[in-house]
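> Given next are the chains, with one letter for each unit.
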Amino acid sequence: QKEVEQNSGPLSVPEGAIASLNCTYSDRVSQSFFWYRQYSGKSPELIMSIYSNGDKEDGRFTAQLNKASQYVSLLIRDSQPSDSATYLCAVNTHGQNFVFGPGTRLSVLP
Amino acid sequence: EAGVAQSPRYKIIEKRQSVAFWCNPISGHATLYWYQQILGQGPKLLIQFQNNGVVDDSQLPKDRFSAERLKGVDSTLKIQPAKLEDSAVYLCASSFAGSGYEQYFGPGTRLTVT
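Protein sequence lines correspond, in order, to chains A and B. In case it helps, our numbering puts the first sequence at residues 1 to 110. In case it helps, our numbering puts the second sequence at residues 111 to 224.
Since the hints were derived computationally from the structure, they do not count as laboratory data. Any given hint might turn out to be false.
Said to hold, decoys possible - Simulated crosslink set (EDC-like; lysine to aspartate or glutamate; CA at most 16 Å straight-line):
id : chain 1 : residue 1 : chain 2 : residue 2
1  : B       : K154      : B       : D184
2  : A       : K2        : B       : D166
3  : B       : K125      : B       : E195
4  : A       : K2        : B       : E195
5  : B       : K154      : A       : E3
6  : B       : K154      : A       : D83
Said to hold, decoys possible - To give an idea of the interface, some chain A residues facing chain B are shown, with a C-beta separation under 7 Å as derived from the structure:
id : residue
7  : G16
8  : S32
9  : S43
10 : S49
11 : Q64
12 : A68
13 : L88
14 : F100
15 : G103
Here the structure is a predicted model, which means the values were calculated and not measured. Beta carbons are placed, not taken as given, at the ideal position from N, Cα and C, and that holds for glycine.
Please model the entire structure based on the sequences and the hints provided.
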């Protein structure tokens, strides 16, 4: 059974700090990695995708992938209270077998 | 561009009854997904369609759940008969071929089985 693990949190950071969210996965042949944000009572929305080792930056968000360690992370710079949400890591192989992690709840304190 | 549409938004049924959910993906998105999200958990993939063919239904409880996408656009997911443990949000998502399978989700249907 392919697994994706995340710390459930809550992760609390002060406004303006960097939030670091981590995800590990069990399937070594996983190819595509995604971060979604989900506000309470809402559906997930895509933040970033990453496919190759290294960093990928988009505004205040940076995704980091290390396939050798089977590890993917999301950094949120200058965290805002509006970033308070659950962050879901998702992994897939060859365009199928999509697996989501349980999510990490982030709380940004004003 | 219109997003993924789902209906109904809420449904309350008694156990052993049947229920159906409808999804209309983003125009041009060939891949459609149905997920079940139980409160406090991440979404679990039930079935993935590529056009009107099934790509992955390994986690679909086939004794009670069924899904179809007859013309490669709209899709329906049915539960018959429902159990208490089916209470969840049912999410539909779609992705564009060549987009790296970035999925865009609809608003979901919240199902309560009593």
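> Compare the structure with each hint and give your call.
Consistency of the hints with the structure:
Between K154/B and D184/B, the direct Cα distance comes to roughly 20 Å. Violation of the 16 Å bound is thereby established for this hinted pair. For a cut-off of 16 Å, the pair hint linking K2/A to D166/B stands: about 14 Å separates their Cα positions. This hinted pair checks out: K125/B and E195/B have alpha carbons roughly 9 Å apart, not beyond 16 Å. At roughly 22 Å between alpha-carbon atoms, K2/A and E195/B are farther apart than 16 Å, so this suggested pair is violated.
Straight-line distance between C-alpha atoms of K154/B and E3/A comes to about 11 Å, which keeps the hinted pair within the 16 Å bound. Distance hint between K154/B and D83/A is unfulfilled; the C-alpha atoms sit about 24 Å from each other, more than 16 Å. Nearest Cβ of chain B to the Cβ of G16/A: about 28 Å, over the 7 Å cut. The hint is violated. The beta carbon of S32/A is positioned within 7 Å of a beta carbon in chain B (closest approach about 6 Å), and the interface hint is therefore held.
Taken as an interface hint, S43/A checks out: its beta carbon lies about 4 Å from the nearest beta carbon of chain B, inside 7 Å. The restraint placing S49/A at the interface with chain B holds, with a minimum CB-CB distance near 5 Å, inside the 7 Å limit. Annotation: interface hint on Q64/A violated; nearest CB of chain B at approximately 17 Å, more than 7 Å. The interface hint given for A68/A is violated, since its Cβ lies 21 Å from the closest Cβ of chain B, which is over the 7 Å cut-off.
This hint holds: L88/A has a C-beta 5 Å from the nearest C-beta of chain B, less than the 7 Å allowed. Interface restraint check: F100/A against chain B, minimum CB-CB distance 4 Å, threshold 7 Å, status holds. Nearest Cβ of chain B to the Cβ of G103/A: about 5 Å, under the 7 Å cut. The hint holds.
The structure shown violates the earlier hints numbered 1, 4, 6, 7, 11 and 12.
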